[in-house]
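Undergrad: Here is what each chain is made of, one letter per residue.
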Amino acid sequence: MAEAHPVGFQWVMEAKARGATVIHVDPRFTRTSAVADLHVPFRAGADIAFLGGLIHHVLENELDFREYVTTFTNAASLVGEDFLDTEDLAGVFSGYNHETGRYDPISWQMDGAYAAPAAGQRDHWESELREERARFTSDTAGGAGDQAYAPADPERDDTLQHPRCVYQVLKRHYARYTPEAVSQVCGMSVEQFLTVADAITKNSGRERTTAWVYSVGWTHHSVGVQYIRAAAILQTLLGNMGRPGGGILALRGHASIQGSTDVPTLYDLLPGYIPMPNAHLHSDLQSFLDADAAKTGFWGHMDAYLISLLKAWWGDAATADNDFAFDYLPRLTGNHGTYGIVRDQIDRKTFGYFVVGENPAIGHANGKMQRLGLANLEWLVVRDMQMIETATFWRDGPEIETGELRTEDIGTEVFYLPCANHTEKSGTFTNTQRLLQWRREAVHPPGDARSELHFYYHLGRKIREKLAGSTDERDRPLLDLTWDYPTFGVHSEPDPESVLAEINGFDADGNHLSSYTQMKADGSTSGGCWIYTGVYRDGVNQADRRKPGSEQDWVASEWGWAWPANRRTLYNRASADADGRPWSERKAYVWWDEEAGRWTGHDIPDFEAGKPPSYRPPEGATHEDALSGTDAFIMQADGKAWLYAPTGLADGPMPTHYEPVESPVANMLHAEQDNPAREDIVRAWNRLNPSMSDTYPYVFLTYRLTEHHTAGGMSRFLPYLAELQPEFFCEVSPALAQERNLEHLGWATLISARTAIEARVVVTERMKPLRIGDNVVHQIGLPYHWGSNGLSRGDPANDLLGVVMDPNVHIQESKVATCDIQPGRRPRGPALLEFVESYRRKAGVEPGGIT
Amino acid sequence: MTNVFEAFSGETPSLSGLLPDPTTDAGWSGDHPKRVGFFTDTSVCIGCKACEVACKEWNLVPDDGTDASDLYRLTGMSYDNTGDLGASTWRHVAFIEDVRPHGTATTGHMPSGLPAITGGAPTRDAATPPPGGGTVDLLALLPDGASGATGGGIVGAHGQQTPDDERDVRWLMASDVCKHCTHAGCLDNCPTGALFRTEFGTVVVQDDICNGCGYCVPSCPYGVIDVRESDGGAHKCTLCYDRLGEGLEPACAKACPTNSIQFGDLDELQAAADARLAELHGRGVEEARLYGRDPDDGVGGDGAFFLLLDEPEVYGLPPDPIVTTRDLPEMWRNAALTAVGLGAAVVAAFWRGRK
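Chains as they are written, first to last, in my numbering: chain A, 1 to 851; chain B, 852 to 1206.
There are no misleading hints in this set.
Result set (EDC-like, lysine to aspartate or glutamate): computed pairs, CA atoms no more than 20 Å apart in a straight line:
| no. | chain 1 | residue 1 | chain 2 | residue 2 |
| --- | --- | --- | --- | --- |
| 1 | A | K16 | B | E1137 |
| 2 | A | K587 | A | D603 |
| 3 | B | K885 | B | D872 |
| 4 | B | K1105 | A | E14 |
| 5 | A | K295 | A | D625 |
| 6 | A | K16 | B | E1130 |
If you're looking for bench data, these hints aren't it; they were derived computationally from the structure.
When you get a sec, could you build the whole thing from the sequences and use the hints?
TA: Structure, rendered in structure tokens:
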């Protein structure tokens, strides 16, 4: 965190100054380790073994926060009789189809209930599983027929003793994750593991809370989503969710990545985490809502959120008669994630590409794949502040040097457009704790540089002008858009506050909405992102509030604005016990005021203000009325935190340790080597290293340095930053340097089944070999900032990576893979191709490259 | 303005020893602002180098320059690639990377902040088999053929490499800067008056007066000030003299995310540093020490002083800096005496000769 998020790390240092213990679990010794109380080195890709070991430790020693667990989680709920664990099926869960490599989650369901997932694989029940679902729901819900969502309350055993209750299922699943097993798999000592286990369990409970912080070191894995699930299970068992000082905090890679998932640039989401409809399944609004909206909990209002969104986008053209223009929305036809799109570019199925504030030729896994995609386009728009490699691949990319691509053969028309940076435009940043902060333009952008808002607004305006008068039905979605933002200045910059107001939403009379609970499903309200409703409450830009911390209480609710409803901690109902009393004086946050008959506290309660802890839902209740006064997790259909997730995940209801797809060792915990449900792209330009290969014997991991920003567009071109980390380097331990005759500051060549790259060698004790079983595993560190352009240049580390993906979110496994390392510089030109091919031959890998 | 000649004349500032108010000593009237400075607490430095960049941005200091092939180069000194303080590096973050015996590598935190582990789980008898799953035999779980060594690359080609658990890595980071000495050798040796002591008690070079003679360079006991080849002038930290005039803190302190660089009135910083030192000592960080805090040292104490976690030499700082002009008055006195003596001898010789 100190390494990639130094500004946010000030709060960790402040916590430390106030007595917090800071533990850093990371394969490398970084700038974070340097100031942590304890650094625990371990093997990259072994995180679920480590987290599972902690879950095991908590369950075996009954160190869970029992009252919290029985009140707020599904620990007591019974799992259906059909479920079989990885323990029973040699490393896979029931429902695995060995032919397709996918799971059918029907056997994972709870006993007597089906609950719609609040996120993730909401269409799990669709496509080929549609009929089975209908059968299942009609069996269990008394012939509900087309009603997809059966009652959400499964059978329970509040003593947690029933062999099929979640608590016991979890305990069995993690039984083999003993401290000794963790030590073997992760390469940390039993003592180190127990030190961490003891520290976090002693620091959790009524009086204390523990927070976990992660970055893409957790998400960039073929089991990335399950990493986060494992942390969620642990934190829920310890009672660290919905309470001050607790939680799982995701550090994002850029300033407003949280914002770009809220109002998403993701292909499968609409604003506010509403799923994008599917071309084959969602012919109309009702079938979409039936499939994807829960009947209970706050997702029960998905109709109001979605219809308000459609009204914000298409205004008067969205009417009850035309399904509020639901058909104007694009539809999914498959995996259109970034790697799926690039594969389609290479397969000549996708012809245009907007690259904005991103440098995929350097920053994405398998650079050759990226550049090959770019070379097969008709047109490419690059908006950036510098002439990045993604805009110049046709001239100086590595494939030009090897002869794999020839400039004269590349038909891609590249439009390079200079863009304004963050100090040159106004708007919001939404940071990791969902806090929207408004920033104002400090200086005008230079020359032809313009803001994104300017670019997209005027692009839309010009396209609409060209289409004006069209009678073609397919042009209606564009022509009917509400596209009337006021502009100002010589460049006709759209007013960003008018966009914020549109996102916030309006009622039928044109008043600004103050809460998403005001949204209606009858088309009388509008709002571009339901979770942001309230940010323009009373016509005031709430994100622009800057009352200093010294002038308000410690929650600081008058600095910026946090979604939803300016709540600073989500699910904070869980900060009070079943009766609504704070768990302790020290950790009091939100509580039930019996006298006033409402929830109150330091933060805005994440609960219906007037719903007493004693509330029990009447038979047949829907939406939030179906949740009791102790159901703190209000977005869940059953109001519970899910220790066991019966639905929503593509690769199992509980996290299981699988080795990275490229690993030097066998899976010591399960017979299945790597994630059986992972996604592959099988192409000649994406060959994978076999695991346990003598040819590719070393682990490498990629990461960022403080001095540079991601793929380098914002740092390699600036002398003050370039001089601070001037060259691409690899970090190796003295032991590995000796093993491969690598010299400090000399050159090394790193080889994978994709390509070979060269880097300066930095020999450092900060990289430690690890003992894994009978083996010693060496890990090589590779910062990935470099490319051929700029003041500081070097080979791109991501070129070494192949693409294998997590099946839930299609994120690549880029934080761990294998390679070989040899002293000296890499071959040049076509010789490089033969060199890499010789490695593939030796390893028994099929021929690769661009063919 | 002060220079050696004035100093020798005895009319102006003292050149060494205890000096509570160098500002007044330099000729400013009594109602000048309080002396300001930096307290750099290296125990909370995370090595982000924001200070280096903020300093260059604000003061328009050029980059350190490239090599003959027009490229910036790695120095190989851990993550430090700007080397040391100089004409174009007014803030410099040093990275000290080494290994120490297990349990002794501390970085300013509580070494005993974590619960002691005696082996086994804390609330359960370690010998009791876990209920439910039973003990797991890891080897039995391995697929066939996977239980042994997996290849020559894993087991070291030069024999089994055993991870050394007996050693801990230590990575110290420290942002260095001009010390703004109470007795500033650079200033005292400047023949043009380009260097002067400001009303804030800091030491600043005036670019338009400096003639690049470089006398100040060897005069600094810390090796801070240097002459820049491109413009021929001597340069160093001004403690953001222009910002001070506007009531702003220096750029480096403003940019520092962890408050490792603290700016303020020197007496308050000294009190804060004393408290921080006591706190760290209380936590068992015995190696913590203040550097440049003592007004009785060889430069009369520093306006920019530090909390270090090891000997100053470890950070590349002189252990016992002495202002180069300390012995100057005596040297001049000796020279004068010698001159007088020689003169007397000459006179005596003539006198004798006349006889």
